[in-house]
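Enquirer: Here's the letter readout for the chains.
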Amino acid sequence: TQLLEQSPQFLSIQEGENLTVYCNSSSVFSSLQWYRQEPGEGPVLLVTVVTGGEVKKLKRLTFQFGDARKDSSLHITAAQPGDTGLYLCAGDMNYGGSQGNLIFGKGTKLSVKP
Amino acid sequence: ETGVTQTPRHLVMGMTNKKSLKCEQHLGHNAMYWYKQSAKKPLELMFVYSLEERVENNSVPSRFSPECPNSSHLFLHLHTLQPEDSALYLCASSQEWRGASPDTQYFGPGTRLTVL
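Those sequence lines, one after another, are chains H and U.
So the first sequence is numbered by my numbering: it starts at 5 and just counts up by one.
So the second sequence is numbered by my numbering: it starts at 60 and just counts up by one.
Think of the hints as simulated: they come from the structure by calculation, not from any bench.
For every residue, glycine included, the Cβ atom is placed at its ideal position computed from N, Cα and C.
Hints should not be assumed to be uniformly reliable.
Dumping the calculated BS3-like pairs for lysine-lysine here, alpha-carbon to alpha-carbon at most 27 Å [to be verified]:
#1 H:K117 with U:K99
#2 U:K81 with U:K99
#3 H:K60 with H:K74
#4 U:K99 with H:K110
#5 U:K99 with H:K74
#6 H:K113 with H:K63
#7 H:K113 with U:K100
#8 H:K110 with U:K100
#9 H:K61 with H:K117
To spell it out: a stretch of chain H is covered by chain U in this simulated footprint if at least three of its residues, at any positions, have a beta carbon under 8 Å from a beta carbon of chain U; those stretches are [stated by the list, open to error]:
#10 44–57
#11 105–114
Please model the complete structure; the sequences and the hints are all you need to start from.
Expert: What follows is the structure in structure tokens.
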């Protein structure tokens, strides 16, 4: 059983378009992280959200943590070819503290064409 | 060098070979991790070391044997692997394991392993 479901699995769009990817679970997480992984590299942390309902912005990327801390979304405005990569969400179930063991989703593979 | 480095970047081995993957972190972190990344599956945590002591072993077959000689180095010794073990093996480090607040894991570039 997949604990963290990411959708869509694949997304191919044109430069300048907007997009949203989702990370859903029936479990509650103490925090949730989003990573981007480029081909031939390891994942790189983009953001950590901790509070239910929290919204964080990183330039053209907007991250939201669901009120019940079971889901999250990543919205990209005016996508650019440099945004191409695998976007992974990872949840931490260790309350009152930091990540013990992160649970990862399968990822959304994004391709932005010029 | 900075960050987390892994060697080799690519490895092809037969099922009877013995090989080792190496990870080194230059961040002064206390926790190190091995993950397996296969196509169509989520990143799977294999082992966690905190202050050079193994704290997690997620039902990983014994043909994978980790070693952490000090807080900067982590090895994964491979023996009698199967073709289904072919994957990207990622090493990561973080300041603490189960610390007081959300921490960041820094990943290496991975070793692409192919078992023939």
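Enquirer: If a hint holds in the structure, say so; if it doesn't, say that too.
Expert: Okay, the hints, checked on the actual structure:
| no. | hint | in the structure |
| --- | --- | --- |
| 1 | H:K117 with U:K99 | holds (23 Å) |
| 2 | U:K81 with U:K99 | holds (25 Å) |
| 3 | H:K60 with H:K74 | holds (16 Å) |
| 4 | U:K99 with H:K110 | holds (7 Å) |
| 5 | U:K99 with H:K74 | holds (22 Å) |
| 6 | H:K113 with H:K63 | holds (20 Å) |
| 7 | H:K113 with U:K100 | holds (13 Å) |
| 8 | H:K110 with U:K100 | holds (6 Å) |
| 9 | H:K61 with H:K117 | holds (23 Å) |
| 10 | 44–57 | holds (count 8) |
| 11 | 105–114 | holds (count 7) |
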